[in-house]
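Heads up: the sequence lines are chains A and B, in that order. With the first sequence counted from 1, adding 113 to any position gets you the numbering used here. With the second sequence counted from 1, adding 113 to any position gets you the numbering used here.
Some clues are possibly wrong.
Put simply, identical chains are the same to the list, so a pair is met inside one copy or across any two.
Restricting the straight-line Cα-Cα distance to at most 20 Å, the calculated cross-link-like pairs of lysine to aspartate or glutamate (EDC-like) are [said to hold, decoys possible]: (1) 327 - 189; (2) 203 - 169; (3) 117 - 166; (4) 215 - 307; (5) 215 - 479; (6) 338 - 126; (7) 327 - 245; (8) 352 - 245; (9) 338 - 159.
Bear in mind the hints are in silico, worked out from the structure with no lab data behind them. This structure is a prediction, so every number in the text was calculated from the model and none was measured.
As a plain string of letters, each chain reads:
Protein chains: 2
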Amino acid sequence: MSHKVEILSVGTELLLGSIANTDAQMLSQGLSALGLNVFWHTVVGDNPQRAREAVELARSRADIIITTGGLGPTCDDLTKNVLAEVFGKKLVYHQESLERIKDYARVTGRPLTENNFQQALVPEGSTVLVNDWGSAPGCAFEADGVHVIMLPGPPSECRPMFHHRAVPYLQALSEGVIASHTLKLFGIGESAMEAQLRDEMNAMSNPTLAPYAKEGECELRVTAKAPTQEEAQALLLPKVEELKARFGALVYGVDVPSLEYVVLEGLKARGLTLGTAESCTGGLIAKRLTDVSGASQVFRGGVVSYTNEVKHGVLGVPQALLDQYGAVSEPVARAMAEGARQALGCDLALASTGVAGPDRDDRGNEVGTMFVAIAAPDGTHVRPLHLGGRPVRGRLRTQTAHHALDLARRWLSGLPLED
Amino acid sequence: MSHKVEILSVGTELLLGSIANTDAQMLSQGLSALGLNVFWHTVVGDNPQRAREAVELARSRADIIITTGGLGPTCDDLTKNVLAEVFGKKLVYHQESLERIKDYARVTGRPLTENNFQQALVPEGSTVLVNDWGSAPGCAFEADGVHVIMLPGPPSECRPMFHHRAVPYLQALSEGVIASHTLKLFGIGESAMEAQLRDEMNAMSNPTLAPYAKEGECELRVTAKAPTQEEAQALLLPKVEELKARFGALVYGVDVPSLEYVVLEGLKARGLTLGTAESCTGGLIAKRLTDVSGASQVFRGGVVSYTNEVKHGVLGVPQALLDQYGAVSEPVARAMAEGARQALGCDLALASTGVAGPDRDDRGNEVGTMFVAIAAPDGTHVRPLHLGGRPVRGRLRTQTAHHALDLARRWLSGLPLED
Chain A
114 MSHKVEILSV GTELLLGSIA NTDAQMLSQG LSALGLNVFW HTVVGDNPQR AREAVELARS
174 RADIIITTGG LGPTCDDLTK NVLAEVFGKK LVYHQESLER IKDYARVTGR PLTENNFQQA
234 LVPEGSTVLV NDWGSAPGCA FEADGVHVIM LPGPPSECRP MFHHRAVPYL QALSEGVIAS
294 HTLKLFGIGE SAMEAQLRDE MNAMSNPTLA PYAKEGECEL RVTAKAPTQE EAQALLLPKV
354 EELKARFGAL VYGVDVPSLE YVVLEGLKAR GLTLGTAESC TGGLIAKRLT DVSGASQVFR
414 GGVVSYTNEV KHGVLGVPQA LLDQYGAVSE PVARAMAEGA RQALGCDLAL ASTGVAGPDR
474 DDRGNEVGTM FVAIAAPDGT HVRPLHLGGR PVRGRLRTQT AHHALDLARR WLSGLPLED
Chain B
114 MSHKVEILSV GTELLLGSIA NTDAQMLSQG LSALGLNVFW HTVVGDNPQR AREAVELARS
174 RADIIITTGG LGPTCDDLTK NVLAEVFGKK LVYHQESLER IKDYARVTGR PLTENNFQQA
234 LVPEGSTVLV NDWGSAPGCA FEADGVHVIM LPGPPSECRP MFHHRAVPYL QALSEGVIAS
294 HTLKLFGIGE SAMEAQLRDE MNAMSNPTLA PYAKEGECEL RVTAKAPTQE EAQALLLPKV
354 EELKARFGAL VYGVDVPSLE YVVLEGLKAR GLTLGTAESC TGGLIAKRLT DVSGASQVFR
414 GGVVSYTNEV KHGVLGVPQA LLDQYGAVSE PVARAMAEGA RQALGCDLAL ASTGVAGPDR
474 DDRGNEVGTM FVAIAAPDGT HVRPLHLGGR PVRGRLRTQT AHHALDLARR WLSGLPLED
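Chain A extracted, bound-state conformation (with noise of 0.2 Å):
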């Protein structure tokens, strides 16, 4: 049987366009990864009548029910409640997340009031969904036919909710095995790869192929349906590494969860060490490594140079060469990546600098000019970058760190620094 899904938001804020629904579109896309058609998306307020009637039209059309948002204390974990009510359950009180409320307002010093009890509380025959990313659990019931997933609605709660607790919960519902693999690649646009899978993407059943762009990287997964885990792999396999194979170094890999992953990983397994010089990208590029956990054992420190006094100062920049050429020029991308590599004493290091706006700097430089390098044993690289278009100072700032890690994992993986 083919399952129908409804994704129900519960959020005031959501209809004073406070926050956009990125909930829905994150769900959307890992319940089509599944096989599992969405059909509707609805946003109702924290209104109990609103959301009772949302519920029922829900039950009466959808036979998955995801709810996000809801469930915290602020709106009297109204989701929760009313879901109960509208499936004729009692709330009972979950032992472990009475416990878990019990040791973080130990830990973190709060007091404990009524309303946080009050998040223990699930309807009978749940199967709760701990919560490692905030304080409110989730849930999980099955009635009348109907399957009810309640999450968070707290973006960096949602997500990995869905994916470490709802995905496992779904997988058992779908007959047989749906696996997938995502290659990442850097250095090549959407529609660019679009076009040029578009044919096969349309012409192929199982495995299938999907792009998805993200904040100027691209990925692709493949996915397939198969009775078991064996006959999916052996469906996927075959598929990735054509794909792998034809687009060749613009892969920087498959299932893996970034790009600073990669670049970890490369240090590690050549038991190298990285710094950072950052001047446009401001702490970015240091901040995206040290996000991954472990990053200390080969990460060693950055300068965040925001000023030619800091470059000249910290990195020993010459100041000749910061007068002549002026902070946002090749001269001084690489004297930086030099700089950082002696003044952290590592082996690799990384260089930024160019205009992120929204204003040309004082030698008239356009937004998007940018510059990064890589200062390493072999020799110095610097890549020019002319990021233009539609210039947003967050997406010149990130599509910046994109490059300068790409530098680094090309590097790593012995590619040639430039296609």
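Position chain B against the provided structure of chain A, taking the given hints into account.
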């Protein structure tokens, strides 16, 4: 009469998660500003039956329906056909739109097809909303006491079509305006804040008060409805002042985008410069400060000292302190801030050191043990943190960065550094 609005979005790409429903967010913001209450967001795919059911439901519960998407030739003008059908209206050619379509084809040299002419069909009695930002016109009509407005789906068309075409139409329907102010707080938990305000929130009707939690910060939004902007502000401002007085130093700003923004504005106002020395936050504080354009006026730079060698070599932290107390300690946090102040030549410097996890450090400090410090002309202050509970690397880093920035904004505002 108070209006009830439903935003109905038609598009399979939303249900697949290819894009987020930013149209609904933009419309919700704009409609709230007009004093119109958005009670539902609904998304269905390019499927006539489900679209018809959604329109029938919307007609039964809302008195203003705003649709996005499903207007162009690629979806057979699904939305327009379904709305005409449900409201029992014939489709008639709109002469001016026909001319525009012919003009457009002539100018671009594109051949005209039957599909193109279909775009000039509108439900009889409609007001046509001329689309100067794309090809498919929008339209609006009123039937059985329900107002229907159809807008194109691409955000680059939906936004101007809403502001320049739909708003004038809607203004005639709305009574009064809705205005709001948002207080931003740091240093109080969402449940604690909510417990303090619950009775008041329940008792208030105009203005209303709504709390939001956001990555370790809290927001309080006060919203009022009144016939004019002036009357709305007169309802809001006394409440805002009362809340500011009640939460005191916990309030870091009203209608401000972020803590880092407040810190940068404080620095500019006082003509001071800032630098950072980051260990556990790994560049996050610098990254957040430089996310804000214009940061370079007052932010000089930072050092990410992820190893003791960098703490000693670049920041000048005495080796004896590192040996005696370890990197995660009050004396090292102090020395890092003072060292950054000197090395970067800035008036104020922030430092962070701690255990972000997933494991304890080699001295046995628990995950979540953190120190943030500020070095200033009048001395150095260290705030020790025990961020326990369910420690998640990303959240610990975010919280630690909040605390460091909080020290800076308190110092800059002349507030006590600790409550």
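Against the structure, the hints:
no., hint, result
1, 327 - 189, "between (35 Å within a copy, 18 Å between copies)"
2, 203 - 169, "within (17 Å within a copy, 33 Å between copies)"
3, 117 - 166, "both (19 Å within a copy, 15 Å between copies)"
4, 215 - 307, "between (51 Å within a copy, 19 Å between copies)"
5, 215 - 479, "between (55 Å within a copy, 19 Å between copies)"
6, 338 - 126, "between (36 Å within a copy, 17 Å between copies)"
7, 327 - 245, "between (25 Å within a copy, 17 Å between copies)"
8, 352 - 245, "neither (35 Å within a copy, 37 Å between copies)"
9, 338 - 159, "between (37 Å within a copy, 19 Å between copies)"
In terms of the numbered hints stated before, the structure departs from hint 8 and from no other.
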